Amino acid sequence: MNGNGLMRLFLFLLMILFSFSITGEATFADTSPTIATVQKVSGMATVVRQGRTISAQIGLELYQNDTLRTGPGGSIGVVFNDDTLLSLGPESMLVIDEFVFAPRQGKFSIAIRMLKGTVAYVSGLISKLAPESAHIETPTASIGIRGTKFVARVEGD
Amino acid sequence: MRQWRKVLFIWILFFLLSGCGAHRVKRDLIVLLPDPDGKGGVITVTTQGGSETLDKSGYAIEIKDPNQPPIAPQPIEEKEITGIFGPALSTLPDPASRFVLIILHFERDTTKLTHESKGSLAEILRTIKSRRSNEIYVVGHTDLVGKEAYNAGLSSRRANHVRNLLVSNGIKPNTLFVSFYGKARPLVPTQDEVPEPRNRRVEVIVR
Chain R
0 MNGNGLMRLF LFLLMILFSF SITGEATFAD TSPTIATVQK VSGMATVVRQ GRTISAQIGL
60 ELYQNDTLRT GPGGSIGVVF NDDTLLSLGP ESMLVIDEFV FAPRQGKFSI AIRMLKGTVA
120 YVSGLISKLA PESAHIETPT ASIGIRGTKF VARVEGD
Chain G
0 MRQWRKVLFI WILFFLLSGC GAHRVKRDLI VLLPDPDGKG GVITVTTQGG SETLDKSGYA
60 IEIKDPNQPP IAPQPIEEKE ITGIFGPALS TLPDPASRFV LIILHFERDT TKLTHESKGS
120 LAEILRTIKS RRSNEIYVVG HTDLVGKEAY NAGLSSRRAN HVRNLLVSNG IKPNTLFVSF
180 YGKARPLVPT QDEVPEPRNR RVEVIVR
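Protein sequences, first through last, are from chains R and G.
Read left to right, the first sequence gives residues 0 to 156 (numbering that gives the first Met the number 0).
Read left to right, the second sequence gives residues 0 to 206 (numbering that gives the first Met the number 0).
Keep in mind the hints are simulated off the structure, nothing from the lab.
Small disclaimer: the values here were computed from a predicted structure and weren't measured.
Built from N, CA and C at the ideal position, the CB exists for glycine as well.
Keep in mind that the hints are not guaranteed to be accurate.
With a Cα cut of at most 30 Å, we get these calculated BS3-like pairs of lysine-lysine [claimed, not checked]: (1) R:K115 x G:K55; (2) G:K25 x G:K111; (3) R:K39 x G:K55; (4) R:K106 x G:K25; (5) G:K117 x G:K171; (6) G:K25 x G:K63; (7) G:K78 x G:K55; (8) G:K25 x R:K39; (9) R:K39 x G:K78; (10) G:K128 x R:K106; (11) R:K115 x R:K39.
Here are some chain R residues the structure puts well away from chain G; computed CB gaps all over 10 Å [unchecked claim]: (12) T33; (13) M43; (14) S54; (15) S74; (16) M92.
Sequences and hints are given; from them, build the entire structure.
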């Protein structure tokens, strides 16, 4: 019985390991194209990319799966390829899980996870061309955005 | 001495409790702001407990408990918005260089432009030329009168009519992106089968 349980745990851990390596591969293939550019920075702001922390500077190009972070008194503003504008206030953290703007293929999607802090958002072309495809997830809610400007505060954990 | 200890204890207890209270007030908050394009936006906030729609600017939705529906939209003061979101808002990049949206309207159930919209065509051509745009989106819509399939066809004919007008005015076909949505995306929400001139439209977005 006990051995069986251990075996199960082992298999479970193996599965987790596998799923990580699979998603790791998939994201690696997807990360190359630039999806957004940093246009404003004040104070402490960084981008975490595949475990590495890069200090955010004006002109820095962003990729899918990048995490944006700001310190106390820090803020950062970015412009996405579809002219979506997004900025973070101090002590904030956000992950760009997915950004697809491919008008020739008719593919549009924005999936952002706001983990904590304050965010301001002005929707771009994606919200005009495919309004149902822009979403922000927070620890407490899912925000569907149809062509607009809004701000949100997330307390986080 | 013991009295002092008691006072100290109550004092600490009071601070702990008020601290908790202050924490509870700082809830997740979503505020709709005036849309720079002037087109009314809509936000839907969904928690495990339910969903609320925010469609008035200057209104806010709060989330008290993720297992409960969000708290219905309440007006929020400008001062509070700047207090909480000032740094984020002041770092928002300038939208001046973004796209231009021009809306063309049509006569009911036709691909015939309204009189005023015929004039807007020249404005679109000027905008494309001045921006040297090679990315122009032509998006067709209808009002809510009639069946979905029929309106999909009508919105497609409207969008393609505008596309052809632009091409015949010298705009390169490979810079034009045509799409259409039938009755699915009214600009002005109405009941089904309600004729609404503002919804009979083609949106031209020049980048």
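Q | Violating hint indices (sorted, rising) | A | Of the numbered hints, 2, 4, 15 do not hold.
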